[in-house]
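Protein sequence lines, in the order shown, are assigned to chains A and B.
At position 124 of the first sequence the residue is numbered 124 (full-length UniProt numbering), and the sequence of numbers has no breaks.
At position 110 of the second sequence the residue is numbered 110 (full-length UniProt numbering), and the sequence of numbers has no breaks.
Take the hints with a grain of salt, since some may be wrong.
You can't tell identical chains apart in this list, so a pair holds if it fits in one copy or across any two.
Straight-line C-alpha distance at most 25 Å; calculated SDA-like pairs for lysine to any residue [said to hold, decoys possible]:
| id | residue 1 | residue 2 |
| --- | --- | --- |
| 1 | K87 | A103 |
| 2 | K16 | L63 |
| 3 | K169 | A158 |
| 4 | K84 | A134 |
| 5 | K169 | V140 |
| 6 | K169 | G31 |
| 7 | K87 | V140 |
| 8 | K87 | L52 |
| 9 | K84 | A102 |
| 10 | K40 | E167 |
| 11 | K16 | P155 |
| 12 | K169 | S106 |
Derived by calculation from the structure, the hints in this document are not laboratory data.
Number of protein chains: 2
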Amino acid sequence: MVSATEEVLRRHGPEKTTVLDVARLLGVSHGSVYRHFPSKAALREAVIRRWLDHVRDELDAVLRERTAPPDRLRSLLTTMFTAKWAKAREDPELFATFRALAAEHSTVSSAHVGFLLAQVRAVVADGIASGDFAAGEPEVIAEAVLDATSRFHDPAHAAEWQSPDIEAKSAGVISLIIDGVRTR
Amino acid sequence: MVSATEEVLRRHGPEKTTVLDVARLLGVSHGSVYRHFPSKAALREAVIRRWLDHVRDELDAVLRERTAPPDRLRSLLTTMFTAKWAKAREDPELFATFRALAAEHSTVSSAHVGFLLAQVRAVVADGIASGDFAAGEPEVIAEAVLDATSRFHDPAHAAEWQSPDIEAKSAGVISLIIDGVRTR
């Protein structure tokens with residue numbers, strides 16, 4: 001049913017998709033769709049949650065890499081940005097839905113930010129433990145890392161992600177950050 | 001005439017302000033306003049240019065401070081953010097005009113970004129010369145510094161600037177950046 005919702009969202013856009021559209025596509029009563037998704041908002045959230053879960057799995061795989069913490073932090077951030085850029089480019093309707101949820105501070109997007117923060121914090125804590133990163137509070141540092149990279153993951157900047165220099169720009173900021181957290 | 005335009009913009013908002021409104025307020029023919037500002041866009045740009053020139057003067061004053069480059073960089077960034085935050089809060093109509101110009105990539109806002117970049121580059125170059133900052137290309141580093149602080153100066157983030165933790169967040173990112181550029 002989440003797949004059907006995805007298809008309808010792509011076809012009609014996030015604003016116009018209704019529970020009835022999904023029921024029609026599945027050939028079921030709209031009551032049975034309502035039992036799963038009691039509102040239009042619940043439909044949109046389910047689709048976006050599925051995508052964000054997928055992004056989280058990709059990032060978890062990076063966290064399991066046996067690389068040095070500075071390399072792992074670079075890889076984590078690059079993977080995070082690339083997933084967003086690809087979605088914005090290849091699936092603009094779903095991305096618009098994600099952007100709308102983020103603007104509304106939906107629990108789905110707040111939970112996602114919480115996961116990203118936990119993932120960055122894990123690498124920062126590893127780096128402090130290994131002596132690669134200077135001592136500090138991993139939570140505070142992880143927040144600063146996400147804030148400093150807003151331009152590359154915050155949907156408010158999606159229009160700039162089509163620019164050919166976005167990759168070079170993000171590499172510049174990532175290097176600045178990694179130098180910022182390293183032991184001196 | 002720029003002051004009259006400012007007043008009209010504040011009263012009617014950036015979308016609705018016309019050359020005729022300004023002429024009416026000044027009690028002159030609209031032909032004489034047109035001689036100065038041939039279009040609605042020219043009116044808006046003149047008002048925003050005046051504000052941005054004022055911000056630039058404030059930042060130039062920071063650049064003349066005889067403090068160590070790391071402190072000067074912190075002071076430059078803090079002054080830059082505070083000017084934007086104050087304008088967004090205290091003068092929302094003018095700020096909306098600025099935001100619209102930035103979204104349209106107006107020459108006024110591109111020139112402003114160019115000035116900011118030159119100011120950050122100047123402090124970075126001073127810091128490299130004094131040995132406070134690690135060797136590098138000041139232009140490239142200055143771009144990374146502005147990209148890493150987008151959240152605090154890019155009008156796309158204006159809604160977040162009302163948040164009580166914006167000052168702590170910006171201080172966290174500035175510290176990360178200054179540690180990132182320092183000699184190690």
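Now for the hints, and whether the structure bears them out:
Taking identical chains as interchangeable, the C-alpha atoms of K87 and A103 lie at most 25 Å apart whether they share a chain (17 Å) or sit on different chains (22 Å). When the C-alpha separation of K16 and L63 is checked against a cutoff of 25 Å, the pair qualifies neither within a copy, at 38 Å, nor between copies, at 52 Å. In this homomeric assembly, K169 and A158 come within 25 Å of each other (Cα to Cα) both inside a single copy, at 14 Å, and across copies, at 22 Å. Within a single copy, K84 and A134 get their C-alpha atoms no closer than 29 Å, and across copies no closer than 32 Å, so neither meets the 25 Å cut-off.
In this assembly of identical chains, the alpha carbons of K169 and V140 lie at most 25 Å apart whether taken from the same copy (24 Å) or from different copies (9 Å). For the homomeric pair K169 and G31, neither the shortest alpha-carbon distance inside one copy (49 Å) nor that between copies (46 Å) is at most 25 Å. Within a single copy, K87 and V140 get their C-alpha atoms no closer than 29 Å, and across copies no closer than 28 Å, so neither meets the 25 Å cut-off. Proximity of K87 to L52 under the C-alpha cut-off of 25 Å is restricted to the intra-copy arrangement: shortest distance 11 Å within a copy versus 35 Å between copies.
When the C-alpha separation of K84 and A102 is checked against a cutoff of 25 Å, the pair qualifies both within a copy, at 13 Å, and between copies, at 23 Å. In the homo-oligomer, the alpha carbons of K40 and E167 never lie at most 25 Å apart, since the shortest distance is 36 Å inside one protomer and 36 Å across protomers. Proximity of K16 to P155 under the C-alpha cut-off of 25 Å is restricted to the intra-copy arrangement: shortest distance 21 Å within a copy versus 29 Å between copies. For the homomeric pair K169 and S106, the shortest alpha-carbon distance between copies (21 Å) is at most 25 Å, but the shortest distance inside one copy (29 Å) is not.
Hints 2, 4, 6, 7, 10 from the earlier list are contradicted by this structure; the remaining hints agree with it.
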